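Got chain A; can you put chain B on it based on the hints?
For the protein sequence lines, the chains are A and B, in the order given.
The C-terminal residue of the first sequence carries number 106 in our numbering, and the numbering is unbroken.
The C-terminal residue of the second sequence carries number 1481 in our numbering, and the numbering is unbroken.
What the hints contain is simulated information worked out from the structure, not anything from laboratory work.
Just so we're clear, the structure is a prediction, and the values are computed from it rather than from any experiment.
Heads up, some of the hints might be wrong.
As the list claims (entries may be wrong) - DMTMM-like mimics (lysine to aspartate or glutamate), calculated; alpha carbons at most 25 angstroms apart, straight line:
{"hint": "1", "chain 1": "A", "residue 1": "LYS82", "chain 2": "A", "residue 2": "GLU72"}
{"hint": "2", "chain 1": "A", "residue 1": "LYS82", "chain 2": "B", "residue 2": "ASP1071"}
{"hint": "3", "chain 1": "A", "residue 1": "LYS82", "chain 2": "B", "residue 2": "ASP1073"}
{"hint": "4", "chain 1": "A", "residue 1": "LYS82", "chain 2": "B", "residue 2": "ASP1354"}
{"hint": "5", "chain 1": "A", "residue 1": "LYS82", "chain 2": "B", "residue 2": "GLU1351"}
{"hint": "6", "chain 1": "A", "residue 1": "LYS82", "chain 2": "A", "residue 2": "GLU70"}
Each chain, letter by letter, is given below.
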Amino acid sequence: MPGETTPPHADRAPALRPSRDTAVPADEVPAATCPHCECPFRSEHARDLHVGERHDPTPSERERYEAALETERDDLWLFHAKAVVALGVTYAATVILYMVVLGSFF
Amino acid sequence: MGENRPRRRVRPLGQFVAAAVAGAVLSERVAAHSGSLGGSVASATVPTWLTVLTGGIVVGGSFLFTTLLTDHDAMRGVNWWRLAVPTPTRLRRGVVSLVRACSVGVLLAVLATGFVGPREGVRNFALLLVWVGWWAGYTATTYLVGDTWPALNPWRAPLAAVRWARGPGGDDDRGIDSVVGEVSLPASWGVWPAVAGLLALVWLEVVSPVGENPRLLAGVVLAYTLVTVAGSLAVGEAWFERVDPVSAVFAAYGRVAPLRRDADGSLSLRLPGTALTEDPLPERPGEVAFVVALLWVTTYDGLVATPTWARAVGPLVEAGVSALVVYAAVLIAGFVLFVGVYRLAARRVRETADTYVTARAIERWFAPALLPIAAGYHLAHFLGYFLGLAPALAAVATSPLAPTASPLALVLPGWFGSVKLLFVLGGHVLAIWVAHSLAFELFPGVLAAIRSQYPSVVVMVFYTMTSLWVITQPYAPPPYV
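Only chain A is shown next, with the shape it has when bound in the complex (with noise of 0.2 angstroms):
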C-alpha cells in the first residue's frame, strides 16, 4: 500500500537467498539490482516495487516504488478487464456447450 509509512515486512513469509536462488545467465546483465540485498531483477519496475515491498525505502526509493506501483495499477486494470471477460466467455460456451450435449439447444 502506498500511503503506509513503513514496509510490510516479510516477518512471516518464507525467505529467498538471493545468493543461492537466483541466477543471471553468463549472456545477460541485469537490469537493475536491489541495494539493499543485491537480488538481481530484469527490470527496474520489478527492482522498484521489490525495494519497497522488502526493505526500508530511502525516500527516493519510495518514490520510485509508489511510481511503479501507479504503473502496477493501470496494467492491473487492463489484466483484470481480461480476466473477467475471459470468465464471461468461459461460462457462456460451458452453458451452451452444455445445452447442445443434453440436447435442449438445437
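For chain B alone, kept in the frame of chain A given last:
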C-alpha cells in the same frame, strides 16, 4: 458392500459418475438450465469427455477468479491468521506416552489377528484396521486435523525406550543420531529413500493381494516392523524424517492441516491449507520429488484399475514380459514423467514471471501447493470406503478373535458421489489459492505473480482432466497380479 480390497475404492467412484456429473454441472451454474437433472439421469446423457472437460474448466475458471484477488495484505491476513492452542508440556508428554502405549498394543493385536484371525476380509480385525481404520480413516485425519503420527507411531517406541533408558537428554526430539552402531545417512541422499520407499509400497499394494489376504498383510506388517525398528535404532530420528515413507506421507499431509506445531513447539489453529503459504519445504534433496510422487501414486492407483490399462498391458504380458516388471516400469516411468513435467513448468515460470529466480528455487517454492490436491483425491477415494466399512470395523474390534458372522456395512446414498467430486475440486481450488499466495510472496508486484502461475495452471488443468478421466472409468481389477 462386503468389499474388502482397498484398491476397489476406485470402483465406487466409477459408479458415481452420474452424480459426479451432476456435481460438475452444479459447479458450473448450469443447474438452472437443467433443474430436473437428477443424479440418476445424467450418466446416460452427459458423456465422459464433458465431465472431464468440465473439471478442467472449473480449475481454469477458479484461477481466473483468484487473479481478481490482489490485495497482498488482505491475503496475508487470511493466510497468517492463527489461534494459539495451549498445550502444557506435562500434559503433552503424558498424552504422548499413553497414546504410544495404546498404539503398540494395537500393532500387536493387528499382528496376532492377521496371523490367526478369520480369513475373510470383512471379519478380520487386522485387515479392517489397517486399510479402513488406518490407511483410509487415520490418514484423512492427518490433513483434516493435524499430523499426530509422530506421537502415535508405534514403531517409534523402541527408539524412545532406548533413549529413555540412556537417561537425561533422551528426549524424543531430535539430537543424537544413532543409538546402535555409528551409522548415519549421507546428507546428499536427502529424502530420496522415502521417495523410493513410497513407490515400493504402492507397487506392493497393487501387485500383491495384501489388501485381501490377512496372513500376507500380517507378514508385510511384521517385515515393515523389523526394518523400521532396526533402521530407527541404527540412524535415529533421521529414519522417520528421511527414510520411512509412512511418516513422510503423514508429515506431508499434515502440512495441509489446520492444527500445526510452530517452530517453538506450541500448537496453533490455522485456516486449512494456509500453513502451506508460510512453511517452505525443507532444503533437502528429494523433497519436491516426494510431493510429486505422492500425487503420482494417487493417479497410478486409479490408472491400473481401468479397462484401458487392462487392454494396454495384455499384449505386453502375452508377449512374455513379466507383469510385475510392467507394473514397476510404468510406476517409475510415470513418476519420472510427473517430475519432468513439474520441472519443465518451473522452468517456464522463469520466462512468464520475467525473473532471475532459479528453476530449482521455484520448484521448491511452489511444491507445497500440490499437497491439497493429493489430500483432496485421498478424501474422495477413501471417505466412502471408510464410512461404508467403519461399522464392520467397530463390530469386529469388540471381539477380534471371534467376530460376528456378517458385520454390518453402511450403504451410502447416491448424492455422496457429488460430495466426492467436490473434495477433488476443493483440493484443486485450495491449491490454486496456495500457489497464488506463494507467488505473491516470491515475486514483486501483482502482475509478475499472476503471470508466474500460467505454466502451473496449464499443467493443473491437464492433471485434473487426467484424474477425472481415471475416476470416471469403470473399475476393472488390475490384471495378471
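Cross-check of the supplied hints:
no. : hint                  : verdict
1   : A:LYS82 <-> A:GLU72   : holds, 15 angstroms
2   : A:LYS82 <-> B:ASP1071 : holds, 19 angstroms
3   : A:LYS82 <-> B:ASP1073 : holds, 24 angstroms
4   : A:LYS82 <-> B:ASP1354 : holds, 20 angstroms
5   : A:LYS82 <-> B:GLU1351 : holds, 21 angstroms
6   : A:LYS82 <-> A:GLU70   : holds, 19 angstroms
The earlier numbered hints are all upheld by this structure, with none contradicted.
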